Each structure stands twice: as C-alpha cells, then as structure tokens.
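Asker: If you want the building blocks of each chain, they are given just below.
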Amino acid sequence: MPASREGAIPSVRSPVASQPPRRRRARARPVPPWRAYVDRFVVLVAVIALWQACSAYFGTIWFSNPWLVLVRFIEELRDGELFFNTTYTLKAAFYGALLGGVPAMLLPFVLRRRPLTGAILDPYLAAGYGVPKLALAPLFILWFGIDLEPKIALVASIVFFLVFFSTMSGVNAVNAQYVSVMRVCGAKERDIARHVVWPGAIPYAFAGFRIAAPYAIGAAVVGELISSNRGLGFMINSGATDFDTTLVFVALATLTFLVVAINLLVARAERWLLRWRPPQQGLTSRVISA
Amino acid sequence: MTTAAPILEVKGLAKRFAARAGEAQSPLILADLSFQVADQEFLTMVGPSGAGKSTLLNIIAQVDSASDGEIYFRGDLIESTDAAALNPGWNCQIGYVTQDDNLLPWRTLIDNVTLPLKLQGRYDDEAAARVEALLRATNLTGFERYYPHELSGGMRKRASLIRTLAYDPPIILMDEPFGAVDAQTRAQLQQDLLRLWNYGRKTIIFVTHDIGEAIALGDRVLVLSRSPAKVIAQHHVDIARPRDLGNLYKLDGFGDMFEAVRQQIQ
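Chains A and B supply the protein sequences, listed in that same order.
Residue numbers for the first sequence follow our numbering, beginning at 1 and rising by one.
Residue numbers for the second sequence follow our numbering, beginning at 1 and rising by one.
Honestly, the hints are just simulated from the structure, not real lab data.
Being a predicted model, the structure only gives us computed values, none of them experimental.
Hints are not guaranteed to be accurate.
Pairs of lysine-lysine, DSSO-like flavour, derived with a Cα cap of 27 angstroms [said to hold, decoys possible]:
| hint | chain 1 | residue 1 | chain 2 | residue 2 |
| --- | --- | --- | --- | --- |
| 1 | A | K188 | B | K202 |
| 2 | B | K250 | B | K11 |
| 3 | B | K118 | A | K188 |
| 4 | B | K118 | B | K202 |
Hey, can you work out the whole structure from these sequences and the hints?
Answerer: What follows is the structure, given as structure tokens:
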C-alpha cells in the first residue's frame, strides 16, 4: 500500500516511507542459547563486586565481605552447626506448611457444597487474611512456649490463608460445562469433586504454595528471632549481637538457598502433576525455569 | 422408517430465563414446542442462530429446567415443571455431545473416553473391547495416551463423540458437534458419524444451523422458527442409506428440499 495515498482522511506520514527499507528481522543474528547463562554470571560478578565494595567502605565489622562469608560458610557446614540450625528452621516451616496448607486445600471443597457456610465464613476468612500474622508471634510464644510449636503455629497461620484463597479461586473457576457433561455421563457429586473440580484447582493450590514458600521460611525465622536458642533466625540474632556480620550473612545466604531450592522442588512437582497442560507461561513458575 | 413408537416425546415445552433487573419478564426462548422422536431415528433440527436450539437440548438432557411443558421417555413422564430436581442425563439414558468437545484436559484420550463407563461402574472387558472398536473406527488408535491439547480439533471432536457412544445411551443429543472445524474435517466427521450410527442405530437428535448437514444426516428434518422457537415444518428425507455424503448434493430432491428449508427458516 503506498504511504502517500490520496484520501479523505489525512494520515500521519508512515515512518517507513522516508527511511531506507528496514532490514528484515529474520536476518538479525539469533541470540545464542548460552548468552543468558554468561550474562547471568556477569551479573553475579557485579553483585559480588558491589558487596566487596560496601564491605571495604563500611568495614567488615558492619558489612562482612564475600570471602569471609564463604570461608565461614564452609566452616559452619563442617562442624555441623549450620546443618543443625537449618534443619530446625526447615522443620518449623515444613510442619507449619503442612498444618496450614492441607486444611486450606480441603476447606474450599467443603465450602463448594455448602455455599451458605461459605457466605457466613467469608468476612471472617477475609479478616483472618488481613491480620498481620507476624504480630501474632509473641502471642504464640506465650501459648506454646519457645520450642518448635509457636513457629509451626506462625507458619501455619500464614500458609493457610495464602493457600486457601488461591485454592478457593480455583474451585470457583471450575468449568461449568465440564460439570454438566460429567453429570449427564452419570457422575455423582463426589465424582465431580474428584474428577473435575480437584484437578482443575490443583494449579491454583500450587500457585498458593509457591507464593507461601518464602513466607513459610520467613515466618519460621521471625519466630526464632523473637525467641529461640536454635535455628537460622537464632544464628542471625546471635551474629548481630556479637557484631559478627559474617555469621549473619552465612545464615542469610543459607535461607536464600533454601527458598530457591524449595521453589525448584515445587516447580518440578508442578510440572509433573500438570503435564496435561499445554506448554504455556502464566501460572507455571518462571522464577526457576532454567 | 418412523413407524416405531416414539422413544421421546416433547410436549408444549416453553422456556424463559430468569428476568433481569428492571424487566418484568424475560422473553420466551421456546414457546409451545412439541415433537416426537421414534426409536432408532436420526432426527435433525435446523433453525437460525439464536433460536434456542442449545437451550432445547439442555432441557432434554436435564441440564436446564423448562418453564412449561413435559417430556416423556418411552411413555414415562421424565421432566415437567413440578419435577423436584433435575436428573442430568436421566440415569445415563440420554447422552449429550456438546458444541465444545469438553474433554477433561487433565485426562488422556482413553481416560476421557472410558470415564463415563467407569463412573457408571460398567467398565469391564466387554466395554473395553467396545471402546477399542470405537477408537479404531474413528482412527484414534495410537493416540490413547495423548492429552486433549496434543490432539487436533477434529480428533477431539471424534473423541468427544465416542465418549458418549462408548456407554451406549439409547438417546443421544448432539448440539452442532461439528460447528467449529474446517470444511474437510467436518465432512469426514459427518461420514464417521453416519458409519458409527449404522453399526448400532441409536436415536439421535442432532441440532444444527447448517441446512445441508441437517438433510444429509437425518431421517427427518424439523425446522425451528426464530426465537421463541417452535417447530414450523418437517421434511422426511428419503435418501437411501448408507449415504455417500460426497455425492449427496447432486441427488435429485436434495436441492429442492434445501431450498424449501431455506425459505422456511427466513
């Protein structure tokens, strides 16, 4: 189509018209597959350099440097201290996620069959979601002591709401046509829940768990920060009180590894469970896709 | 061909959806709609888009309720306005092939096709052999372990079709099952359907807006009016079976009937 066509509607001059023909996009060199990995490595080096610079500027007392942290990390790993504390934190996070997550996945199925109960509970669930859970930590410590229990309670209270609302939206999003067609084929209510609603809600439950994972670890750590004599939160606290920022960084690095590893596991489990889905981006984790 | 006693009878069916805010009464979708289907008859219904064809099938399948009228199955009243609750599929006696294939995306082809049989507790060796034969007849053998998204549109349609045929309900409702596929696939699917129907004749109520399809497939064509839908004409199709759909359009009488239906629909 000529760019300077005569017509009733004056058109903006096409930018292409006055320029030499643009090179075809296809001729541009394709990005090699290793490019992302190389560039990631460059970013890593830059971050570590920045860290080193901060350490040099503020002094290692306030800001430990990468090398010290690495050495200390290996040291802590060797004498079992790090492993012991990591296990403790993981335990709190895991039991809490289980205690909060399992009822959160089941409740939506109960409420689907009992809309009135759902309507009654709705504002309370919304309010429960709204309560800043970390602020409950002192209360949980008061009730459950200073061992694992208050941390489990704290984690559960956070995971429950995240997983519940996510799963609930999955249950509500059930394809009504699937339900009708399966009913016509002889499906009872229980079959509908098991074969139609449940598989459809799984991606939503997973999304809830993926969001909840870092919160679960975080809540366990906060519980330990407030009162504990073990765990990664305790490590951070004792490091900070002793001006031992190296120890603090070791604990922080471990926590980061944990969350990344958990994300990786959840993504892997999700990919296997949801292998029926057409390849797509969206709900599937893109944080860890390499 | 339609001398047998009616297997299904629809009497004075009316449907009005719930009124919207600010509306005294929503318009009628179906009004005083009556017809009969004989056992083993292939009945096609053709009507303009939006005539309420899907609504009619939803009511017969008991996925939706009627505002007025009755439905009889082999002489027994199975649906009326005072029925306490709907019984979708009337105890698996009425199958329903919907416009969308509605295969469950998380189940493989074979698991989709066998699910109704499993839900009804009827999946035995005999049923498995039947499913096997249906898969072969529709060229789906070898794709049993594929998920719906890995199949073509035509394959999904065939899978959806044999999912209902596999559990063998005496009446099968079809709501423009071949609506959303290309012309060649559509012709193939129509031929497949006729062949399957010839194996074991079921009562089929096939709804479409395509006049040619209605004549090509049916023993009898009912013409529905614009909404509110009612039956305004019927045509007996005297083309011998098995039919060769490729040649059909050249046969005497086809063009005349096509033209007659087209006039009535307007």
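Asker: Run every hint past the structure and note whether it holds.
Answerer: Comparing the hints with the structure gives:
Restraint check for A:K188 and B:K202: satisfied, since their Cα atoms lie roughly 25 angstroms apart, inside the 27 angstroms limit. Taken as a hint, the B:K250 and B:K11 pair is broken in the structure, with Cα atoms around 37 angstroms apart against an allowance of 27 angstroms. Simply put, B:K118 and A:K188 have alpha-carbon atoms about 12 angstroms apart, close enough for the 27 angstroms limit, and the pair holds. Taking the CA atoms of B:K118 and B:K202, the gap is about 21 angstroms. The hint holds against a cut of 27 angstroms.
In this structure, only the earlier hint numbered 2 is contradicted, and the remaining ones agree with it.
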